[in-house]
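All chains should be modelled from the sequences, with the hints used to inform the complete structure.
Each residue of the sequence shown is one higher than the last, beginning at 0 in numbering that gives the first Met the number 0.
Worth flagging that the hints you see were computed from the coordinates, not collected in a lab.
Note that CB positions come from ideal geometry on N, CA and C, so glycine has one too.
A portion of the hints provided could be inaccurate.
To be verified - Below, a list of computed lysine to any residue pairs in the SDA-like style, where the Cα atoms sit at most 25 Å apart:
{"#": "1", "residue 1": "Lys-43", "residue 2": "Phe-8"}
{"#": "2", "residue 1": "Lys-41", "residue 2": "Phe-8"}
{"#": "3", "residue 1": "Lys-53", "residue 2": "Leu-78"}
{"#": "4", "residue 1": "Lys-53", "residue 2": "Glu-89"}
{"#": "5", "residue 1": "Lys-45", "residue 2": "Ser-76"}
{"#": "6", "residue 1": "Lys-53", "residue 2": "Ser-76"}
Stated by the list, open to error - Label-pair restraints from in silico Cβ distances:
{"#": "7", "residue 1": "Arg-14", "residue 2": "Val-77", "range": "47 to 57 Å"}
{"#": "8", "residue 1": "Ile-26", "residue 2": "Asp-50", "range": "26 to 36 Å"}
{"#": "9", "residue 1": "Leu-49", "residue 2": "Leu-80", "range": "49 to 59 Å"}
{"#": "10", "residue 1": "Lys-66", "residue 2": "Leu-40", "range": "44 to 54 Å"}
{"#": "11", "residue 1": "His-81", "residue 2": "Lys-16", "range": "39 to 49 Å"}
{"#": "12", "residue 1": "Ala-6", "residue 2": "Gln-85", "range": "46 to 56 Å"}
{"#": "13", "residue 1": "Leu-42", "residue 2": "Gln-85", "range": "43 to 53 Å"}
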Amino acid sequence: MISSKEAEFDVLGLRVKPTPDADEGKITTKEIVDLVNQEALKLKLKSPGLDNGKIAILLALEFARDKLSIERDFQESVLDLHASGQKIVELLEQVNPSSL
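This is how it looks when you write it as structure tokens:
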């Protein structure tokens, strides 16, 4: 069996041998490559005149937008949770100030 550390993959007609990161168990290199290839195919079908270089750039921009959106959503969720936690503490202090 070939480990993903040794595996080569085809991405937009190029053979690549990605270096897996420490979180390889959570999301495999193959899953990442499959996603990139699926999204590239969608772009090719939508705009058949695009060359692989333009497809790569459009994919990079799309993935960057998605990443930034996820990070912003996460940050907003953390801030909302923090504010909710603060409200709970305030309510508990009002109900029973001596126990806190």
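Inset, instruction - List in ascending order the numbers of the hints, as given earlier, that are violated by the structure. - result: 3, 4, 5, 6, 7, 9, 10
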